[in-house]
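Spelled out from the first residue to the last, the chains are:
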Amino acid sequence: MTTSTAEAPASALRPATRTSWVQRLTGRQRAAIVTAEVLIVLALWEVIVTVLALVSPVFLPPPSRIVQGFADLVTTGELWPHLGSSTTAYVIGYLLGAAAGVTLGLIIGGSSLIYKLSTPIIWSLYATPWIALRPLATVWFGFAAGPIIFLVFIASFYPVLLNTIAGVQTVNRSVINAARVFGASRVEVFRKIALPSTFPYVLTGLRHAVVIGMIGLIVGELTGASTGLGALITLKTSTFKTGQAFAVIILTIIWTVGLSQLMNHIAKSRSPWLGRKEI
Amino acid sequence: MTAVSSPSRLRASGKRRSPRPPAPPLRGRVKWWGAVAAEVVILLALWELAVGTLELIDPEFFPPPSAIVGSLADLASGGRLLPHLLFSLQSFAIGYLLAVVLGITLGIMLGGSPLLNLLLGPFVWVLYATPKVAFAPLLVLWLGFGVESKVFMVLFMAIFPIIVNTVEGLQTVDPSLLRAGRVYGAGRLALTVKVILPSMLPFVLVGLQVGIVRGFIGVVIGEFMGSTQGLGILLSQSASMFQMADALAVVAILILLSNSAMGILMAVKRVVAPWHKPGGDLL
Chain A
0 MTTSTAEAPA SALRPATRTS WVQRLTGRQR AAIVTAEVLI VLALWEVIVT
50 VLALVSPVFL PPPSRIVQGF ADLVTTGELW PHLGSSTTAY VIGYLLGAAA
100 GVTLGLIIGG SSLIYKLSTP IIWSLYATPW IALRPLATVW FGFAAGPIIF
150 LVFIASFYPV LLNTIAGVQT VNRSVINAAR VFGASRVEVF RKIALPSTFP
200 YVLTGLRHAV VIGMIGLIVG ELTGASTGLG ALITLKTSTF KTGQAFAVII
250 LTIIWTVGLS QLMNHIAKSR SPWLGRKEI
Chain B
0 MTAVSSPSRL RASGKRRSPR PPAPPLRGRV KWWGAVAAEV VILLALWELA
50 VGTLELIDPE FFPPPSAIVG SLADLASGGR LLPHLLFSLQ SFAIGYLLAV
100 VLGITLGIML GGSPLLNLLL GPFVWVLYAT PKVAFAPLLV LWLGFGVESK
150 VFMVLFMAIF PIIVNTVEGL QTVDPSLLRA GRVYGAGRLA LTVKVILPSM
200 LPFVLVGLQV GIVRGFIGVV IGEFMGSTQG LGILLSQSAS MFQMADALAV
250 VAILILLSNS AMGILMAVKR VVAPWHKPGG DLL
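Those protein sequences? They're chains A and B, same order as listed. If you're matching positions, the first sequence starts at 0 in numbering that gives the first Met the number 0 and goes up one per residue. If you're matching positions, the second sequence starts at 0 in numbering that gives the first Met the number 0 and goes up one per residue.
Keep in mind the hints are simulated off the structure, nothing from the lab. Cβ coordinates follow ideal geometry from the N, Cα and C atoms, glycine included. One or more of the hints may lead you astray.
[To be verified] Listed next, the in silico DSSO-like pairs over lysine-lysine satisfying Cα-Cα at most 27 Å (straight line):
| id | chain 1 | residue 1 | chain 2 | residue 2 |
| --- | --- | --- | --- | --- |
| 1 | B | Lys30 | A | Lys115 |
| 2 | A | Lys191 | A | Lys115 |
| 3 | A | Lys191 | A | Lys267 |
| 4 | B | Lys193 | B | Lys30 |
| 5 | A | Lys115 | B | Lys193 |
[Claimed, not checked] Taking beta-carbon pairs under 7 Å as the criterion, some of the chain B residues facing chain A (in silico):
| id | residue |
| --- | --- |
| 6 | Gly33 |
| 7 | Val35 |
| 8 | Leu117 |
| 9 | Thr129 |
| 10 | Pro136 |
[Said to hold, decoys possible] The following label-pair restraints were derived from C-beta to C-beta distances:
| id | chain 1 | residue 1 | chain 2 | residue 2 | range |
| --- | --- | --- | --- | --- | --- |
| 11 | A | Phe239 | B | Val29 | 55 to 61 Å |
| 12 | B | Thr171 | A | Phe58 | 38 to 44 Å |
| 13 | A | Ser110 | B | Leu42 | 17 to 23 Å |
| 14 | B | Thr52 | A | Ala98 | 29 to 35 Å |
| 15 | A | Ala98 | B | Leu119 | 35 to 41 Å |
| 16 | A | Val66 | B | Trp141 | 17 to 23 Å |
| 17 | A | Phe58 | B | Ala44 | 36 to 42 Å |
| 18 | A | Ala52 | B | Leu255 | 44 to 50 Å |
| 19 | B | Leu81 | A | Arg269 | 48 to 54 Å |
| 20 | B | Arg187 | A | Ile120 | 57 to 63 Å |
| 21 | A | Leu43 | B | Val270 | 26 to 32 Å |
| 22 | B | Gly186 | A | Arg190 | 55 to 61 Å |
| 23 | B | Val40 | A | Pro56 | 56 to 62 Å |
Go ahead and model the full structure; you've got the sequences and the hints to work with.
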C-alpha cells in the first residue's frame with residue numbers, strides 16, 4: 000500500500016487542485032506521527048487491561064505481559080529449538096518450492112503447447128485451499144518435519160510458478176526478433192534474452208512466495224506438530240499462557256515482514272530499472 | 000480508451016452509454032471448458048491406472064478416483080456430509096460477506112482520506128503482511144468451537160486483501176480523467192459515480208478474488224483448530240483414522256466449492272467490469 004508522497008496527486012475524492020495538510024508532511028513528520036500513534040495505542044491497551052481490568056489479561060494480554068512472555072521464552076531457552084526447527088523446515092521447503100516453480104515455470108511458459116495444456120489444471124487448482132492437504136500430509140510424510148516441509152513447498156511453489164510463467168511470456172518480441180536477425184540460435188535467445196527478461200518476474204514471485212511460504216509453515220505447525228513456532232503458539236494458547244503465545248505471534252510477524260522487506264531490497268538492487276507495479 | 004462514438008458519452012450526466020468490448024465468443028469459452036474437462040478426465044484416468052490397476056502407489060495411502068467417488072457417495076447418502084458442508088458454507092458466507100462490506104468501506108475511507116491513510120495505514124499494512132493463521136488458536140480461545148470463531152477467521156483473513164486492493168483502486172484513478180470530468184461540468188457525485196467507481200471496480204474485484212482464496216483457508220484452518228462441525232473437522236478426523244478415501248473426498252469437495260466461488264466472481268467481473276484483462280493480480 001502506498002502512502003501518498005508530497006508530489007502525488009490528491010486523493011481521488013478531492014479536487015486535484017487542493018492538497019490536504021496531511022500530504023504536505025515530510026517523511027520524518029509522518030514517521031513521528033505514526034510512532035506516537037503506536038505508543039498511544041500500546042499505552043491505552045496496557046491501561047484498559049491492567050488498570051481498568053475491562054478485559055481479562057488471559058484473553059488479551061497487555062504489552063507488559065507480552066514482553067514478559069517473550070523474556071520467559073528466551074530465558075528458559077524454550078524458544079530456540081522451536082525457532083530452529085521452523086527455520087530449517089522453512090528454508091528447505093522454500094528452496095524446493097522456488098526451484099520447482101522456476102523450472103516448471105520456464106518450461107511451461109516457454110512452450111505455448113505445454114502452456115495451453117497446463118493452464119486448465121493450474122487455474123483449477125488456483126482457488127483451492129492447499130492447507131486442506133495438511134492432515135493428509137501427516138499420513139503421507141509422518142509426524143516429523145516432513146509434512147511441514149511439504150506444506151511450505153506447496154505454498155511457495157505456486158506464486159513462483161505463476162509469476163515465472165508470466166515473465167517468460169512477456170519477453171519483448173522485437174528484441175527476440177532482433178536477436179534472430181543477428182543469427183542467435185534458440186539456446187542463445189533463451190539464455191541471453193528470455194532469462195534476463197524473466198528475472199524481475201521471478202523475483203516478484205520469490206517475494207510473494209516468502210510470505211505465502213510463511214503461512215504454509217505456520218499452518219503446517221499449528222496442528223499435528225510438536226516443534227516449531229506454530230506448535231508453540233498452539234501449545235501456549237491451550238495452556239492459557241497467552242502472553243507467550245502473543246510473543247510468538249509477534250515473532251512471526253517480525254519474521255515475515257523482515258523477510259519480505261529483505262526481498263524487496265534485493266529486488267530493487269538487482270533490477271533498479273523496475274519502476275512498474277508488481278504482478 | 001475505446002474510440003468516441005457518440006457525444007452523449009462525453010456528458011457527465013445523462014444516460015450511461017459506455018460501450019462494452021465484445022465478450023469472448025461462446026465457442027471460445029465452450030472450447031476452454033471442454034479442454035479443462037478433457038484434461039481432468041485424462042489425468043483421472045491415468046491416476047486410476049497408476050494406483051488402482053498397476054498399484055504403483057499403495058492405494059491405502061493415495062486412493063484412486065474410483066475409491067474417492069465411492070466415499071463421496073457414501074458420505075452424501077449416509078447423511079454425514081450435509082451438516083458439515085452446511086456448517087462450513089455458512090461460516091464462509093457470513094464471514095466473507097462481512098469482509099466484503101467492511102473491507103470496501105474501510106478501503107474507501109482509507110483511500111479517500113490521506114489522514115486516515117497515514118494513521119491507520121501502517122496497522123493495515125503490517126496486518127496484511129502477517130500470517131494471520133497464527134491467530135487461529137487465539138480466536139478459538141476467544142470465540143469457542145462454534146460458528147463465531149470460523150466467521151471471524153474468514154473475516155480476518157479475507158478483509159485485508161479487499162482493503163488493500165480497494166485503496167489501490169482509489170489511488171490509481173487517472174487524474175486526467177478526473178480533470179476531464181470536471182471540465183465537462185461534473186460535480187463530486189457525478190465524478191464519483193461515473194469516473195471513480197468504474198475505475199476502482201477492477202481493483203476491488205481482484206481484492207474480492209484474493210479474499211475468496213484467503214477466506215477458504217480461514218474456514219479450513221479455523222476448523223482444524225477446533226470445531227464442533229465442518230468440512231475441516233471431517234477431513235482431519237478421516238485422515239487421523241487413515242480413511243484416505245474419505246479425506247480425499249472432502250478435499251475434492253473443497254476444490255469444487257472454492258473454484259465455484261471463484262467462478263461466480265469471475266462471471267460477475269465479466270459482466271460488471273469487462274474491460275479488465277484477466278490474470279492481473281496473480282495472487
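Evaluation of the provided hints:
A distance of roughly 12 Å separates the Cα atoms of B/Lys30 and A/Lys115; the hinted pair therefore holds under the 27 Å criterion. For a cut-off of 27 Å, the pair hint linking A/Lys191 to A/Lys115 stands: about 25 Å separates their Cα positions. With a C-alpha separation of about 21 Å, the suggested pair A/Lys191 and A/Lys267 falls inside the 27 Å cut-off, and the hint holds. At most 27 Å may separate the alpha-carbon atoms for a hinted pair to count; B/Lys193 and B/Lys30 exceed this at roughly 36 Å.
The hinted pair formed by A/Lys115 and B/Lys193 fails the criterion: a straight-line CA distance of about 38 Å is larger than 27 Å. Annotation: B/Gly33 was flagged as interfacial toward chain A, and the flag is violated, the nearest CB pair being 10 Å apart, outside 7 Å. The beta carbon of B/Val35 comes within 4 Å of a beta carbon in chain A, closer than 7 Å, and the hint placing it at the interface holds. For B/Leu117, the interface hint holds, since its Cβ comes within 7 Å of a Cβ in chain A; the closest pair sits about 6 Å apart.
Among the interface hints, the one on B/Thr129 holds; its C-beta lies about 4 Å from the nearest C-beta in chain A, closer than the 7 Å criterion. Taking 7 Å as the C-beta contact cut-off toward chain A, the hint placing B/Pro136 at the interface holds, the least distance being around 4 Å. In this structure the supplied range 55 to 61 Å holds for A/Phe239 paired with B/Val29, their Cβ-Cβ distance being about 57 Å. Look at B/Thr171 against A/Phe58: about 40 Å separates their beta carbons, and that is inside 38 to 44 Å.
Distance hint check for A/Ser110 and B/Leu42: the Cβ-Cβ separation is about 19 Å, which falls inside the suggested range of 17 to 23 Å. A hinted range of 29 to 35 Å for the beta carbons of B/Thr52 and A/Ala98 is consistent with their spacing of about 33 Å. The hinted window of 35 to 41 Å between A/Ala98 and B/Leu119 holds, with their beta carbons roughly 39 Å apart. With their beta carbons about 21 Å apart, A/Val66 and B/Trp141 fall inside the hinted range of 17 to 23 Å.
Judged by the Cβ atoms, the range 36 to 42 Å given for A/Phe58 and B/Ala44 is violated: they are separated by roughly 53 Å. Against the hinted window of 44 to 50 Å, the Cβ-Cβ separation of A/Ala52 and B/Leu255 comes to about 48 Å, which satisfies the hint. Checked against the given bound of 48 to 54 Å, the beta carbons of B/Leu81 and A/Arg269, roughly 53 Å apart, stay inside it. B/Arg187 and A/Ile120 have their C-beta atoms about 47 Å apart, which leaves the hinted 57 to 63 Å range violated.
Checked against the hint of 26 to 32 Å, the pair A/Leu43 and B/Val270 fails, with Cβ atoms roughly 45 Å apart. Look at B/Gly186 against A/Arg190: about 58 Å separates their beta carbons, and that is inside 55 to 61 Å. Evaluation of the 56 to 62 Å hint for B/Val40 and A/Pro56 yields a pass: the beta carbon distance comes to about 58 Å.
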